[in-house]
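Student: Next come the chains, spelled out residue by residue.
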Amino acid sequence: MVSPIYILILSLAIGFLLSVIDKTNRKFSLTAFYGVLTFNVLVIADWFYRFLFLGVPTLTINTAGFRAPVSINLQLGVQESFVLLFTNLIGLFAAIFLYKKFKESNISSLTLYLILIMGVNGLVMTRDLFNMYVFLEILSISTYSLTSFGKTGKSLSAGFKYMLAGVTASTFFLLGVVFIYYFSGNLNIDFIQASQFTNYGSIALFLLSIAIFIELKPFPANGWALDVYEAVDSGIVSVIAVVNSAAILFLFYKIMPILPERFLNVFGIAGVITFLFSNMLALKQKKAKRLLGYSSIGQVGLLVASLVFTANAPQHLIYLIVGGFFINHLISKAGLFWLSGIVKHENISDWNVLRGNRSLLILFGIFLFALAGIPPFAGFWAKWELVKLLVHSKMLFALSAILLGSLFEIIFLFRWFTLTVKSDIAATIPRWDASKIFSTSFLGVIAIFFAAMIMKVYYGFSLIHILPVLAVLVIDIIDFLPSKVKGLLSLLAVLAYGYYIYPFESNIQLFFGIIFIVGSAVNIISTLNRTGKSEGFYGFLLMMIFSFGNLIIATNYLEFFLTWEFMTISSFLLILRGKQAQKASLMYMIFSTAGAYLMMVGFAFAPQLMGNSPLVISLANVQLPLISIILLSIGFMIKSGSLGVHIWLPEAHAEAEADVSSFISAILLKAGVFGLLLVGISYVKFAPSFDIFYWVGWIGVLTAIVGAFLASFQEDAKRLLAYSSMSQVGYIVAAIAMVSHLGWVSALYLAFNHMMFKSALFIAVAGIYYRTHTRNMYEMGGLIKKMPLSYITVLISIIAVSGVPPLSGFGAKWLIYTAFISNGWYLQAGVLFFASAVSFLYLYRIIHSIFLGQLKYEHQDIKEAPVWFIIPQYIFLGGIMAISAFPNLIIKPLNKIAMHYFGSSIRIDGYSIFSELGHWDGHVVMLVTMGAFIVPLLILLLLVGKTQKVKQFNIVYAAERPESPQTTHVAHNMYAHYRKALGGWGKPRIWNFWHSASEWTHSLADYFRHIYTGNGQTYVLHIILYVVVIYIVMGV
Amino acid sequence: MDIIIRILYAVISILVATVWGLTLTGIVRKIYARVHGRFGPPVWQPFLDIIQTHSRRVAISHGYMFFLGPVFRFAGGLGTYLFIPVILGSTVFGNFSMGGDVLLVMYFIFFGQLGMALGAGEGGHPYSPMGIARGLSQMSAFEVPFSLAIISVAIQYHSLNITTIVQAQQGSILNWTLFTNPLAVIAAMISLLGMNGHAPFSIVMAPQEIPIGPPIEMNGSFLGILQTNRGLFAAAKLILFMNLFFGGAAHPNILVALLIMMIKTFFIYMFSVFVGASFPRFRPEQSFRFFLKWPTAIGILAILYIAYL
Amino acid sequence: MEKKDLNEIEKEMKLANEGLPEKERILFSDARPSRVEPLNKYLEQFVNWARARSLWLLAFGTGCGATELRPLMTSRFDVSRFGIAGRPTPRQASVFIIGGYASIKTIKRIVRSYEQMQGPKYVIALGSCTINGGMYYDSYNTINRIDYYIPVDTYIAGCMPRPEALIAGFNRLKEKIQKGECDGMNKYADNFDWYKKNQKQIIKDWNMPDYNW
Amino acid sequence: MKNILKRLNEKIDDLVVVKQRDDLYFIKVKREHTDFILRYLKLDENFKHLDFMQAVDYIENNQFQLTYMLYNYEIKINLGINVMIDREKAEMDSMHRIWPHLWQYQREIHEMYGINFPGSPRVDESFVLEGWEEMPPMRRDFDTLEYSKRTFYPRPGRSTNDPKEYMKEKLYHDFAKSPKIRRDDE
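Going down the list, the protein sequences come from chains A, B, C and D.
Using this note's numbering, read the first sequence as starting at 1 and increasing by one per residue.
Using this note's numbering, read the second sequence as starting at 1037 and increasing by one per residue.
Using this note's numbering, read the third sequence as starting at 1346 and increasing by one per residue.
Using this note's numbering, read the fourth sequence as starting at 1559 and increasing by one per residue.
These are computed hints drawn from the structure, not numbers from a lab.
Be aware that one or more of the hints could be misleading.
Below, in silico cross-link-like pairs of lysine-lysine (PhoX-like), each with a Cα-Cα straight-line distance of 20 Å or less [to be verified]:
id	chain 1	residue 1	chain 2	residue 2
1	D	1577	D	1560
2	D	1707	C	1549
3	A	154	A	286
4	C	1541	C	1450
5	D	1600	C	1450
6	C	1545	D	1707
7	D	1647	D	1588
8	C	1532	C	1450
9	A	100	A	23
10	C	1359	A	949
11	A	785	A	949
12	C	1532	A	946
13	A	101	A	344
14	D	1560	D	1606
15	A	980	B	1066
16	A	856	C	1450
17	A	896	A	786
18	C	1386	C	1541
19	C	1386	A	785
20	A	951	C	1386
21	D	1634	D	1588
22	A	946	C	1359
23	A	456	A	344
24	A	896	A	685
25	C	1542	D	1564
26	D	1564	D	1588
27	B	1329	A	987
28	D	1564	D	1600
29	A	154	A	101
30	A	344	A	287
31	D	1634	D	1577
32	C	1386	A	946
33	C	1521	A	786
34	C	1450	C	1549
35	C	1359	A	951
Please put together the full structure from these sequences, using the hints given.
Tutor: Laid out in structure tokens, this is it:
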């Protein structure tokens, strides 16, 4: 039990002694230096442990033997020790990080460093305003000096700018202190009350608080800080960005109680503005350290805002939100700055050198995900709770600004991430430095530790909800195994998982369980074709599949949302594995995140759930408010690729690896459908006065038609299928939006059917891609002779898609049109008819361009797709055939599911199904079709006489014989005439919209960036003006 | 036993329809010739052509799908026909209409088209996919007014069941959909022009530009099957239109009912024949645009008129 | 022993397709045309009756005589009343009208198109040029006798023969078909090597398979 | 036109001009001047259009005559440029750089007369005669009748009449006496 005062004393003493010690040997001085830092950490850790677990009361240290307010006193409580523990830890590890530099540099830098640490400790503990000023000055002076540690021209000028800004701020601070003393006669914050300040007096508080706030680098008066971040050595800058900021932030926290509320609100809003704009400006940034600088400033702004906004919240929430953001910022920012020191490349696209070192890459991922607020890291939970809090206190503008800022953050962080993982390595690979890697990895461990603590201790999640993350860890451990073994293990794991969650409480869960788990299990078979190790693949795959499963058993909003985020991140990582997937995956991530934020707000608006049953059941008795329905619907529709927000979909499908696409299309899109159905379940009983689902229905219908047209104009087989999925999911969305018995039966029927045929199609295309190495359909052709099995798959599947009887697709069409017409959605039904007629265009295109027509020279010796692709295809085909011949197999259970919510509108009599409008007997249709097929076949066989089999070029021609298979195969731009007929309707308007939205945002960011001139005087002017503006806004 | 009788009935029904369909084609050729100022081939020429094509000694086959293509096409024609009740209340000509309603018939039309498109595609001749691409595109366009008309009729009679729809039109000639819901009938009749592929919508076969289009490689018996199907399929389509819009064929005496059927289908067919004989051909994109403009607007009006007025 | 013979026969039945480059040979069928016997007597008579009444012309104008086919189709002479109709693809046509002089370049196309027609198939040679070269008998690129290259069923002399003469020719062809005398397809298959020899003698750049199926 | 010819005369020596009609002139130039003259006429004298190119076999002089027929849209005059080249060493410079479509004519002439045009694109590909192996057929020393007899299996029994005599004898021996048929437009 060492008194924390020794931290100050020892740091100061050793700091000054260092130059003497150094005279003997650098080794001694280094030992002393690190000794002190370690000592600090140990002392604080000891205190923190005592406060937290032993319940030791807050420690107050009076100096000079007097009690406060006469003397200056220091205070060390839970909060102080928490902040100090981490600042000191970062300080220590930053020092370790800088070990090499410290070994060689001038001894004064070690001294300065110790003094800086001392300043931080003092600043956090002291309760006296003037003492604060002193520590602030100590901190600032040591920082100015350390800033020029690198001794480059840039860092010197940055240090000078810092000094200018710091001096300006401290002038205000000192003035504030003087005035406060004048009004309250006291300098100890524990003895100052806001009530002591009259109208005039509040100017004293204003000067004090604005000085601290300026030190927190609010937008736009923060140009000096950015230059510092960019110019200074990465070890030092991590201390400045993290340790200094933490101390000053705590300073702000300390004086918060004496500030009037209107001050706080303005500061909170200024914090939000800082967060929003810093992240926006970062969009255009290419230099890693400057980008991190923008991000730190933004994060500090968010911290200030959350400090202010959580003021009235329960204690544990404050700890979670502020503490979560704090830890998140501390760890990820320090980690990333250190990584920038390891990487030694300025430009973010050169960070791909990290791919040379797997553990560093993982660390990079951890820090980046943590910073982006991706679960399970602390930032996610803080954001979730903050959103809830803001929604409850109706601060919607602040909320939307924070979410928009977070979205910008996601964009630049993930652009960085995808560039790192995907771009071509051009830069030189640096030497990996052990001391630096040690420090950085330590932070990674802390991040994971906190994530685990929050999940397990704070929320008490059961193992099943952590399972997705565990899967990644486990597979990561056994990643040395060949991929076939891992694939089989994954298959077993999925089956076991399915068995574990099997006894569902409702049939609808069972239904989606079959789609998610059984569908995934069959799809996994196709991944068994992988050779080599496929490092990391199965981990994320399992994470995604377990997330699907967890979605259906989630019992509250948080579980659902957490799982949703797991699903998003894992699918993002899977898509990213594709060869050219950088842009595609980034787009996917941006849209998914935007959707997730909307959902987050939507859930926050939703009323609390009672009981412990799955959402599908409990939501039936909950009235969701209109805003919540709208936000949730949009969120889920983004995931299912509805019109307007669909542009991520084709890219992601096309660029993902061949065997991943089938998961995305067949199963991932159904998650969106499932979500929409959840909203629908509440909608059944509590439809809002404004019929929002009517419009959702229109969107679904338009998605169907636009998707079908877009699919018809694709050259790339996977893009074609992707747009086809979009179109089909459009049908499903529209059918769900009907909120009627038949509508839901048809939606579920279609969802099931789509899962089967789209899996089969994507796997078939994967097999073809495996053999031909191309996705362009016009480069194939005539493969029916070489790949008959794949051909049969595609044939059966496209018949099932198109809705031609007797296969299962017709059932979907029949149900859906009957539902639409009996529901009174006539025009929508007309549009759907159009969509289904247009779907023939792309279906014929894919089968003709790939399998029919002319076989190319290079494919003359091609073989059938590997057996691992064939097996799952035929399992799905079996499913399609079964429900085609015996539609009762599926219609009956679906009827029962839908009857939970509505009265049944169909009558099933034997194999016949009667609706109020018409009837359909799948069995008779099947038999008649068989008869109608066999009889002409027999006639033909009887009459045909001698049949001569000929080859591909034996086609009729007179003048010139076919030149080459390439020129004879009609496949490229097959529907040019239709495009011509569509005229202006054929333009990619939605793509253009998002493209220009992105362009505008970036241009705006670029425009705002110009306020940072790089001139110190301008920066000071900014500060002064900022103070004036804040002064006016506050109306002091 | 029941099944055998049913099959027997189906065979009779199919034979009647096929013969009638082929005769209609013969009549149409004759009329075309007369419009041109020629004598024209005899009415039974289609039958001779079918015998001739079937009597070719060698048939060229490009592969299994090519072989099955005409079979698919004919099966599509047969199926379409078999799910339409030809004569109200008749067991012989009731066909297998318990299999489904008008939606089934509409989608069964695609069965043959898709199968034929696949078979022709395997032929490997560039003109086949060109013709098919045109055909599918045109189909997607004329399907729009047609489906709107069907929806309108479904709203009107609150049924998709063909028998019910025919039943509702009995009694007086004024009960025909033609008079109760004229807008839907106009929309549907215009799309019939596209369905029949006569000028101005003969862009699929277009002998001058893409010689005969999809079936360019079809020969011998394959072609024979296609020709037979053309007769049956024409009959099926006309009977569908007759049932939906022109009161169907109903009479206690089955022969009279058949006669009614023949007269009605003849006049329905003549509509598209006369339009075809007097117009030149559209270009593909003109054709699609046409269908997506006026007939679609009429179809929407038909729905609005029936549903909301 | 016998097995080997069979293999040899099978090999002989294959065409060499030597005119084609090596890599293109897989794209063309190498089957040899073979004789197909008519059906039994009455059935053959019946189908011949139908064949004679449903003559499908190949719409391929090989020479100046093709101009005479236009008036045949239109209202003045209207051959459709005899069941004669044009067909745009050789696969479906049964009558090939050689429209006058045939140059070397054209005979190549004639042979191709003829071979692509499915039997039974008939050839009407129209105009003097097809009989003995007509006024071009001494040209360096007009062949004199079409029947050395493909079997001909009916000749129509004249330069040019009038449409009436053509109709007479069609009637002659019809009679012959009904009598079962038109068996050009089998004649071609039987004398395949002779025809091929003649064809190859004048068609020097033989860049097509030996039989265009 | 006179001015043009005058200007041309200034450019090269011994220009031979033949006036066929008011709008049709021929000039004879030497082979080595051809390129210059054609360029000059096209660029400076506005003979922008090349109608055709043709060859004539003057076997008596042991020469080929090549004719480039130009046209001027402004003064509406055709101008033929005749170039005589040696028959034994039948070769001419390719002019396809002046008018790109000349390559096609040169290809035809190459095939039919065996005149070589070094540098002309695709000049060796067969144009009309696919796979011709004999002497180029338009050379006058090529005996087409002999070739036809040798190659095309002439049908025996062919007889030839002098058309004028034959017609007189067969059809119109009293043509002069026959009543004149009036036509509508007379």
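Student: Confirm or reject each hint.
Tutor: Checked hints:
1. D:1577 to D:1560: holds, 11 Å
2. D:1707 to C:1549: The hint holds at about 17 Å.
3. A:154 to A:286: Since the Cα atoms of residue 154 (chain A) and residue 286 (chain A) sit roughly 18 Å apart, the hinted pair holds (cutoff 20 Å).
4. C:1541 to C:1450: holds, 16 Å
5. D:1600 to C:1450: violated, 37 Å
6. C:1545 to D:1707: Roughly 17 Å between the alpha carbons, so the hint for residue 1545 (chain C) and residue 1707 (chain D) holds.
7. D:1647 to D:1588: holds, 16 Å
8. C:1532 to C:1450: violated, 24 Å
9. A:100 to A:23: Given pair residue 100 (chain A), residue 23 (chain A) holds - Cα atoms ~19 Å apart, limit 20 Å.
10. C:1359 to A:949: Distance ~13 Å between residue 1359 (chain C) and residue 949 (chain A) Cα, so the pair holds.
11. A:785 to A:949: holds, 13 Å
12. C:1532 to A:946: Holds. Residue 1532 (chain C) to residue 946 (chain A) sits at ~17 Å (cutoff 20 Å).
13. A:101 to A:344: holds, 14 Å
14. D:1560 to D:1606: holds, 18 Å
15. A:980 to B:1066: Measuring from Cα to Cα gives roughly 37 Å; hence the hint is violated.
16. A:856 to C:1450: violated, 29 Å
17. A:896 to A:786: This hinted pair is violated, its Cα atoms lying about 45 Å apart.
18. C:1386 to C:1541: Roughly 31 Å separates the two Cα atoms, so the pair is violated.
19. C:1386 to A:785: violated, 40 Å
20. A:951 to C:1386: Violated, at about 34 Å.
21. D:1634 to D:1588: Given that 20 Å is the threshold and the Cα spacing comes to 25 Å, the pair is violated.
22. A:946 to C:1359: Given pair residue 946 (chain A), residue 1359 (chain C) holds - Cα atoms ~17 Å apart, limit 20 Å.
23. A:456 to A:344: violated, 37 Å
24. A:896 to A:685: Cα-Cα ~18 Å, so holds.
25. C:1542 to D:1564: violated, 62 Å
26. D:1564 to D:1588: Between residue 1564 (chain D) and residue 1588 (chain D) the Cα gap is close to 17 Å, so the pair holds against 20 Å.
27. B:1329 to A:987: holds, 19 Å
28. D:1564 to D:1600: At roughly 16 Å apart (the allowed maximum being 20 Å), residue 1600 (chain D) and residue 1564 (chain D) satisfy the hint.
29. A:154 to A:101: holds, 18 Å
30. A:344 to A:287: holds, 11 Å
31. D:1634 to D:1577: Between residue 1634 (chain D) and residue 1577 (chain D) the Cα gap is close to 15 Å, so the pair holds against 20 Å.
32. C:1386 to A:946: It holds: about 18 Å lies between the C-alpha atoms, which stays within 20 Å.
33. C:1521 to A:786: Not OK: residue 1521 (chain C) and residue 786 (chain A) at ~46 Å, beyond 20 Å, violated.
34. C:1450 to C:1549: holds, 10 Å
35. C:1359 to A:951: holds, 14 Å
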